[in-house]
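Residue numbers (my numbering), protein chains in the order written: chain P, 1 to 87; chain L, 1 to 87; chain E, 1 to 169; chain Z, 1 to 169.
It is worth saying that the hints were derived from the structure and are not from the lab.
Be aware that one or more of the hints could be misleading.
Unchecked claim - Just a few of them, taken from the derived set where beta-carbon distance is under 7 Å, the chain P residues facing chain Z:
#, residue
1, R16
2, G22
3, T23
4, L63
5, E77
6, P83
7, V84
8, G86
Where a beta carbon is used, it is the ideal one built from N, C-alpha and C, also for glycine.
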Amino acid sequence: MDTDQSAAVRLRLFARYAELVGTGELELAMPLPATVEAVVAHLKAQHAGAALIPDRPLAAVNLRHVASDHLVRAGDELSLLPPVAGG
Amino acid sequence: MDTDQSAAVRLRLFARYAELVGTGELELAMPLPATVEAVVAHLKAQHAGAALIPDRPLAAVNLRHVASDHLVRAGDELSLLPPVAGG
Amino acid sequence: MSARLVHEPLDLAALLAGVQAADRGGTCLFVGSVRPDDGVVAIDYSAHEDMAVAELERILAEAQNQWPEAATSVEHRLGRVAVGEASVAVAAAAPHRQSAFEACRFVIEALKVRVPVWKREECRDGTARWADNEGRRTASDPGPPRSDSPADGGVAAMPPPGPTEGSAR
Amino acid sequence: MSARLVHEPLDLAALLAGVQAADRGGTCLFVGSVRPDDGVVAIDYSAHEDMAVAELERILAEAQNQWPEAATSVEHRLGRVAVGEASVAVAAAAPHRQSAFEACRFVIEALKVRVPVWKREECRDGTARWADNEGRRTASDPGPPRSDSPADGGVAAMPPPGPTEGSAR
Numbered sequence: 001m002d003t004d005q006s007a008a009v010r011l012r013l014f015a016r017y018a019e020l021v022g023t024g025e026l027e028l029a030m031p032l033p034a035t036v037e038a039v040v041a042h043l044k045a046q047h048a049g050a051a052l053i054p055d056r057p058l059a060a061v062n063l064r065h066v067a068s069d070h071l072v073r074a075g076d077e078l079s080l081l082p083p084v085a086g087g
Numbered sequence: 001m002d003t004d005q006s007a008a009v010r011l012r013l014f015a016r017y018a019e020l021v022g023t024g025e026l027e028l029a030m031p032l033p034a035t036v037e038a039v040v041a042h043l044k045a046q047h048a049g050a051a052l053i054p055d056r057p058l059a060a061v062n063l064r065h066v067a068s069d070h071l072v073r074a075g076d077e078l079s080l081l082p083p084v085a086g087g
Numbered sequence: 001m002s003a004r005l006v007h008e009p010l011d012l013a014a015l016l017a018g019v020q021a022a023d024r025g026g027t028c029l030f031v032g033s034v035r036p037d038d039g040v041v042a043i044d045y046s047a048h049e050d051m052a053v054a055e056l057e058r059i060l061a062e063a064q065n066q067w068p069e070a071a072t073s074v075e076h077r078l079g080r081v082a083v084g085e086a087s088v089a090v091a092a093a094a095p096h097r098q099s100a101f102e103a104c105r106f107v108i109e110a111l112k113v114r115v116p117v118w119k120r121e122e123c124r125d126g127t128a129r130w131a132d133n134e135g136r137r138t139a140s141d142p143g144p145p146r147s148d149s150p151a152d153g154g155v156a157a158m159p160p161p162g163p164t165e166g167s168a169r
Numbered sequence: 001m002s003a004r005l006v007h008e009p010l011d012l013a014a015l016l017a018g019v020q021a022a023d024r025g026g027t028c029l030f031v032g033s034v035r036p037d038d039g040v041v042a043i044d045y046s047a048h049e050d051m052a053v054a055e056l057e058r059i060l061a062e063a064q065n066q067w068p069e070a071a072t073s074v075e076h077r078l079g080r081v082a083v084g085e086a087s088v089a090v091a092a093a094a095p096h097r098q099s100a101f102e103a104c105r106f107v108i109e110a111l112k113v114r115v116p117v118w119k120r121e122e123c124r125d126g127t128a129r130w131a132d133n134e135g136r137r138t139a140s141d142p143g144p145p146r147s148d149s150p151a152d153g154g155v156a157a158m159p160p161p162g163p164t165e166g167s168a169r
């Protein structure tokens, strides 16, 4: 599988996760594709505030729910979602 | 059990049953107590229009559903109810 | 908790307001309306009114017993109800949605089998028939049993099909 | 079929009108509102808005697939919603009541577990906390994550309890 060493993933954080990291949007430069779980590990390594985000949070790629072994590719938008609480 | 040979039951008919008999209210003089089924048989014997009413129609005494073996007493109001169709 | 028979259009907002309260976070409303099945243009609803109210109140009391935290209300319309208009509405509010859904469903299901209300379907061709909730139908005499239910209501708005008089449509 | 996020009070009559049709004789409406649990005076709802709309549309499409004769709509309110006010509403209309009830229930149940909406409870004592649908709560930083959700909203109308200043109440 080709990996793009200079790629970046667009990461969106919401609600408590945005509060923890201090922002709702960031770009992470890292080799891609990578699993959601790997992207989260990368985020935690770079942002101390992300420590309280679970290793395998609820996640969505391009507006659809995905499992934590889903491969994130260059150009994807990955959203990390706290436990949902609608209704 | 005491029976009252000169008693009357107040009978109420509704919807199609009222249409068949031509009235919604009548009094039937008959020995009481008597089962609902017996009152209906008496009605059929006296009113040709009642022929199409079932032998054991849905019935209520004093505004409550009763089975056809329920005993109707003097002073009771017996309602004969076509299949209900509310909603 | 309120059980009513009404002779005018149902007021759903009032029915909802009657059951809602801040601590009842879930509200379920069911509305039944007249369908244009098989040429029906309206239904004339009649009832054993005293008994219908008593039976509706018994049903609400049973719901209260089974879902103590729920509040329920029900209204049934009587008289002529045109296709598309609401004939019955049930509202149930409870702290949690499951009770609200269950209590609402219980009331409408019980109403359908227990409450002495009848419907006389008025058809596009001018005929009328009695209908029950199992889909059985019986022709009705031409004369309606209630003076406020004209057999020809709605004919002007929706002409009966059949031989047309000079119109291509 | 309509899925919307709105920033103003929900319009239930419009939601009902959007699903009702003459041949859909049964309509079920569910309304969820904010409960005053444990000192909550309001909830500030936020969402991953693009995804929430997409997910709601997917849920309605699944309902359509499972109950083809039913029409469903859903609205979720965002921003500050005071206790007693509606935060979510689902309407489903179908030819028969069973489908209407089932489709309505399906949509609200799916919404609760799939749609990316979050709630930040605003409490009588001035604190705020994140809450999920399993009843777990996490304290929130004083600074709200959204500029339109003041942490002290409603304080003027309902002062927090605690050390009072010269008042016997």
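Right, here's what the structure says about each hint:
A cut of 7 Å between beta carbons decides the hint on R16(P): the least distance to chain Z is about 5 Å, and the hint holds. Against a cut-off of 7 Å between C-beta atoms, the interface hint on G22(P) is violated, since the closest Cβ of chain Z lies about 9 Å away. Contact between T23(P) and chain Z, as hinted, is not supported at the beta carbon level, the nearest pair being about 10 Å apart and thus beyond 7 Å. Hint status for L63(P) relative to chain Z: holds, with the closest Cβ pair at about 4 Å, below 7 Å.
At its closest, the beta carbon of E77(P) sits 9 Å from a beta carbon of chain Z; the interface hint therefore is violated under the 7 Å criterion. For the restraint placing P83(P) at the interface with chain Z, the shortest Cβ-Cβ distance is roughly 4 Å, inside the 7 Å limit, so the hint holds. For V84(P), the suggested interface contact is upheld, since its CB lies about 6 Å from the closest CB of chain Z, less than 7 Å. The closest approach between the C-beta of G86(P) and any C-beta of chain Z is roughly 3 Å, which is under the 7 Å cut-off, so the hint is satisfied.
Hint compliance for this structure: hints 2, 3, 5 are not met, and every other hint is.
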